[in-house]
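Go by the hints and put chain R onto chain H.
The chain contents come next:
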Amino acid sequence: MTTLLRVSVLISVMALVAGCATPGPSEDSLYQDLGKRAGIAEMVEDLMYRIVEDDRIAFQFKDIDVVQFHTNLTDQLCELSGGPCTYTGRPMTDVHDGMNVTETQFNALAEQLVLAMEDNGISTSAQNRLLERLVELHPQITHR
Amino acid sequence: MTHCSNHGAPVLALVAGLTLATPALADPGSRLWATGGVTTIEGSAGGGLVPWALLAGYASDQEWGGTVTLSRAEVDDFTLNVTGAALNWHNRVEVSIARQTLDLDTLGATLGEDELSQDIFGIKARLFGDVLYSDYGQWSLGLQHKRQRDFDIPEAIGADDDQGTDVYLSGSKLFFAAVADRNLLVNATVRGTRANQGGLLGFGGDRNDSYKAMLETSVGLFLNRSWIAGAEYRHKPDNLGFATEDDWWDAFVAWVPDRRVSVTAAWTDLGDIAGLEDQRGLYLSLQGSF
Numbered sequence: 001m002t003t004l005l006r007v008s009v010l011i012s013v014m015a016l017v018a019g020c021a022t023p024g025p026s027e028d029s030l031y032q033d034l035g036k037r038a039g040i041a042e043m044v045e046d047l048m049y050r051i052v053e054d055d056r057i058a059f060q061f062k063d064i065d066v067v068q069f070h071t072n073l074t075d076q077l078c079e080l081s082g083g084p085c086t087y088t089g090r091p092m093t094d095v096h097d098g099m100n101v102t103e104t105q106f107n108a109l110a111e112q113l114v115l116a117m118e119d120n121g122i123s124t125s126a127q128n129r130l131l132e133r134l135v136e137l138h139p140q141i142t143h144r
Numbered sequence: 145m146t147h148c149s150n151h152g153a154p155v156l157a158l159v160a161g162l163t164l165a166t167p168a169l170a171d172p173g174s175r176l177w178a179t180g181g182v183t184t185i186e187g188s189a190g191g192g193l194v195p196w197a198l199l200a201g202y203a204s205d206q207e208w209g210g211t212v213t214l215s216r217a218e219v220d221d222f223t224l225n226v227t228g229a230a231l232n233w234h235n236r237v238e239v240s241i242a243r244q245t246l247d248l249d250t251l252g253a254t255l256g257e258d259e260l261s262q263d264i265f266g267i268k269a270r271l272f273g274d275v276l277y278s279d280y281g282q283w284s285l286g287l288q289h290k291r292q293r294d295f296d297i298p299e300a301i302g303a304d305d306d307q308g309t310d311v312y313l314s315g316s317k318l319f320f321a322a323v324a325d326r327n328l329l330v331n332a333t334v335r336g337t338r339a340n341q342g343g344l345l346g347f348g349g350d351r352n353d354s355y356k357a358m359l360e361t362s363v364g365l366f367l368n369r370s371w372i373a374g375a376e377y378r379h380k381p382d383n384l385g386f387a388t389e390d391d392w393w394d395a396f397v398a399w400v401p402d403r404r405v406s407v408t409a410a411w412t413d414l415g416d417i418a419g420l421e422d423q424r425g426l427y428l429s430l431q432g433s434f
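Chains as they are written, first to last, in the numbering used here: chain H, 1 to 144; chain R, 145 to 434.
By construction, these hints were calculated from the structure, which means they are not laboratory data. If you're wondering where the values come from, they're calculated on a predicted model, not measured in any experiment. One or more hints might be untrue.
Below 20 Å or equal to it, Euclidean Cα-Cα: the simulated SDA-like pairs (lysine to any residue) are [unchecked claim]:
{"id": "1", "chain 1": "R", "residue 1": "Lys317", "chain 2": "H", "residue 2": "Leu131"}
{"id": "2", "chain 1": "R", "residue 1": "Lys317", "chain 2": "H", "residue 2": "Glu136"}
{"id": "3", "chain 1": "R", "residue 1": "Lys317", "chain 2": "R", "residue 2": "Leu285"}
One chain only, chain H, in its complex shape (with noise of 0.2 Å):
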């Protein structure tokens, strides 16, 4: 291969990437692949758990109404996956004033969110979906 034609392929390759990156033909695919809601109320109940074991953020949960907790998020990441769910929840950034939430704690977050996601036999597909979402939410929750 010349130089110039590796180049193309690379800039074609790049610009398919971003033909692809546009949401999946079902508005609620997402929804479905997670479980419904019931789903996500059992994959949230496990990140739960891992939470509270996680050295790295669980005081920042320490005085949460559990029950709460677990309806709203559970509402959220319905919502937000597209099922038919509205969160009641305050606002992210309410939630997070003053926490001072840091990068090492979303991270833990996030991580402790995947292995709950592949616990409760999630998709590759599905997790990265949620993900793609979720980060979204990053500068609301972090360093508030």
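What follows is chain R alone, placed relative to chain H:
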């Protein structure tokens, strides 16, 4: 085959050491799997040939971390061995050191030398952004100061200096669910350099003696969170009149079973080197993180 036994032993020792030490070691850091990339042949975090904006290891903003790496590329007439180590402070600054040794498998007898060798001292600072969480990705600025350990051959073929410093700006971004719902990592690096064959043939030359800006790109697709497949392309200057210098490229697969260890295999094409044509072959790299 003497080199296989020479370099095989430390590789095995490192694997054994990592495996045995694994249960006793604390987790290397909190950044997500494979977000430290692997280690380039120049010791900086990146792919195999191209430095990325990612910083070595898994340290996040409240943590320290680092990596140790052994790499080897066997192309038609040369064998490149690299030992490297890097430290990461708070995912803000990476400091690295690497020693490259290029065995002159077929040229050795003619030239009366067995190898070319250089040390590379690197520093890379994350300027802003996060590869996963920022819309505009992560951007880093780096330096690689390279010092020849034996300048006789490079000098004889027209190289100007026995040391040089590359400066580079890198941008890296992960696109979630980008291709078949798999995550895609895209990297672009612009490097200012006077190096001949990365510095192994010295710096500057009779044909060109000034800094040139070179574009280096990589893409990597996460098949899942422990397997990444991709390709890299690295433009290179052509400073020496005695033989043309080609661009480098590779296609790689990296396996990151957990944060402590990664294994990278690549098919690499280094083009013509010192007049010997089409230097292609396998690259293997083993990295441990702490």
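To see whether the hints hold, each was checked on the structure:
1. R:Lys317 x H:Leu131: holds, 14 Å
2. R:Lys317 x H:Glu136: holds, 14 Å
3. R:Lys317 x R:Leu285: Within the cut-off at roughly 15 Å; holds.
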